[in-house]
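The residues making up each chain are set out below.
There are 2 protein chains.
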Amino acid sequence: MKEKILEFIEKKQFAQLKGYLQALNEADISDIIDELPGEDGALVYRLLDKDVAADVFSRMENETQERLIKLLKEKEVTEIINNLYADDAADLISEMPAVLVKKILANIDPQQRKDINELLKYPEDSAGSIMTTEFVDLKMDMTVKDSFDRIRKVGKDTETIYTCYVIDAERHLMGVVTVKELLLSKYEDLIEDIMEKSVIKLHTLDDQEDVAKTFDKYDFLAMPVVDQENRLVGIITVDDVIDVMHEETAEDFEIMGGLEPSDDSYFNTTVWEHAKHRIVWLLFLMLSATFTGAILTHYEEAFASVPILVSFIPMLMDTGGNSGSQASTLIIRGLATNDINVKDIFKVWWKEIRVALICGSILGIVNGIRVAIQYNNIMLAIVIAITILCVVIISKSLGCLLPLGAKALKLDPALMASPLLTTIVDALALVIYFTIAMHVLAI
Amino acid sequence: MKEKILEFIEKKQFAQLKGYLQALNEADISDIIDELPGEDGALVYRLLDKDVAADVFSRMENETQERLIKLLKEKEVTEIINNLYADDAADLISEMPAVLVKKILANIDPQQRKDINELLKYPEDSAGSIMTTEFVDLKMDMTVKDSFDRIRKVGKDTETIYTCYVIDAERHLMGVVTVKELLLSKYEDLIEDIMEKSVIKLHTLDDQEDVAKTFDKYDFLAMPVVDQENRLVGIITVDDVIDVMHEETAEDFEIMGGLEPSDDSYFNTTVWEHAKHRIVWLLFLMLSATFTGAILTHYEEAFASVPILVSFIPMLMDTGGNSGSQASTLIIRGLATNDINVKDIFKVWWKEIRVALICGSILGIVNGIRVAIQYNNIMLAIVIAITILCVVIISKSLGCLLPLGAKALKLDPALMASPLLTTIVDALALVIYFTIAMHVLAI
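Chains as they are written, first to last, in this note's numbering: chain A, 1 to 443; chain B, 1 to 443.
Bear in mind the hints are in silico, worked out from the structure with no lab data behind them. Given the structure is predicted, the values throughout are model-derived calculations rather than measurements. Keep in mind that the hints are not guaranteed to be accurate.
The list treats identical chains as interchangeable, and a pair is accepted whether it falls inside one copy or across any two copies.
[As the list claims (entries may be wrong)] In silico lysine-lysine, DSSO-like type, Cα no more than 27 Å apart, as pairs:
1) K186 to K153
2) K4 to K343
3) K276 to K410
4) K201 to K153
5) K180 to K50
6) K103 to K11
Modelling step: build the complete structure from the supplied sequences, incorporating the hints.
This is the structure in structure tokens:
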């Protein structure tokens, strides 16, 4: 599709290009504009029909949006902001330079300006910041027929019409009714009689991660957001929640990989920013690992008299790290999905110890046999086998206890993933190893 | 809520319990039954209204469903299967013992039986296996009013009514129309004129991961699934896709943590199963790490003459592993979200090398200064600083090249995460370290 569009542009067949664009889906057009050079992107954007332009714009990558804003006239930008849903517009504006924001806000619809200002005042990552203020509101004394009239009137400008919220004169949330229920009811039925009165709702200051969990639990297409006086101020739709889920997952992956979380895409982050997101953890972990090295200097005489001992260090460190990561990955995920709770700590630990006994025994025996055959040294084989068993038990224990402990202390359990855990387990593995070796081998 | 329900059960106030349950949301009831002991769970389940019972059942955990099936009479089980949406029923049946499946299938509605058998024949994780066969289908010559009549007639039994699909006499997919469009049109308008003709659709054999990506791109609430002759066979709704997203994310986390992926929850996996999911990777990585150990034996004379060299091994191994994991985490995530493509390989590598230069220089200088001061040995400090820089460059390079290489070979990039990468980087780190040390220190 991209090639075809570039061809139209090159041949200056703009009328044909306009027709071609009308056959494409909004998501595909925004993907293409993302990939086109700035000027061509602006050209294609200007050829779009008014009613799809805002949708295309809201689907583009942040960088493309910023590029386009710079190329378009102020009047065109104002029109985009006017046509976006208020939540998307607020997202966009919060990324713009202050001087441009001021100009734009001065020119747009008063209602849209009010909605945007409203949304901008909520803290980042709160339900208030991701909600939209455009929805279908009904009154209790309306009939089903009145409701359809209301949907027809306001529906065109709202993000969803399928879930309608019932409010009283002071905008208190009284109930919820879906279009499915409306369609399956009689025209003369009263909203009051068919609405669901016990509404599951969100509060403006709820964390977006909790919002995602609530959607996940109830499978709603939309949920209402109320303020502290139970007044309906907005709704959150399932597509926004899917974005939040992706954001939260990406954050977990990043923290577990020893990175500072970042919202930007890989290529849109500069080399310096990448380095900045990585260096703090690397420095911290490197300096922590020097303590592990300091431990080794205590056992200098051990590996001076039995040099072969040194060659097992990498294997023991890696096996400890890997055993621990397996446990911590499962626990961190389980905590994220509410599958595991902090109160289960002893149940989890007991399970991990039994798993560690099985895995540690197998690994110990396999490696013990290998060492016995390769070096023809039974005592060394026993040292390695016992060390592996102990290291696996310790690392699986820490792999479950550290994330659970972090959660109990209201820290992010993902911090206790592989990088930090490995550093801690390494130090313990070496102490265990040389203690056992010095006793068994009588060094 | 659970306490209240247990109190009702204890006092045998079943009528009151029935009333209490009517005020609760289906998702909350299923959560409570998940937590109740088997008999109490069955008791609560039997008190539910017919029309919510199936919904509650489909939201329960697999284990609770199996427990309940064992406690209920065959007639009750048949009723559950009849009332579930076909996709949920097929999921449930595929987990049951064959003898029970045969009995149940013999007793249920012929239409439901046909739907279930249809779904059971698709491969696991395909679009066909997660779709539902119940949806609203319209004809091109219907008016908007006819369509509403049709929705009223079949809508009660379909998972969603908000997206309706237009088919011809041979069930070929001709178009799609949303209830929003129907509501905003005139009653006498023809479906043919208001439907969207270029339909984005899925095929029965599409992988569920691609299904999730398509939903993500287009933000649809439902998508049609067609067979090879473009006949409409089912639809997939956004709530099923959210489940798929969670499944795929969990799988990525597990593979990246060095675990074999598993669908079961942490507590519902036995100790033996946990051990089985972990031992293969642990064994493989442990034996790989012994090669790293073998490398060390080559340098025995080096650390025999300068024993302090051994104490830097853990720090160098960990720093290499962590630098590599940072890169591989970003690349694996980028590949999963289509943010990075295999064709970007050189762009990514060049970026990682520059990041590595910055991070490696900082780490090298910091640690070099520490060594120079602590051991009063400039040459040793130079060895450590240069080694760190080289190790960071190598590990960041492998951290991006290995996942991209795996993807190019159609393997899962997540396999190249921390555990395997660390093992490879460790070996290289030691070779680099001792090569540099022996040259600079002239051992």
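So, going through the hints one by one against the coordinates:
no.	hint	verdict
1	K186 to K153	both (20 Å within a copy, 13 Å between copies)
2	K4 to K343	between (59 Å within a copy, 21 Å between copies)
3	K276 to K410	within (26 Å within a copy, 32 Å between copies)
4	K201 to K153	within (25 Å within a copy, 31 Å between copies)
5	K180 to K50	between (30 Å within a copy, 19 Å between copies)
6	K103 to K11	neither (37 Å within a copy, 68 Å between copies)
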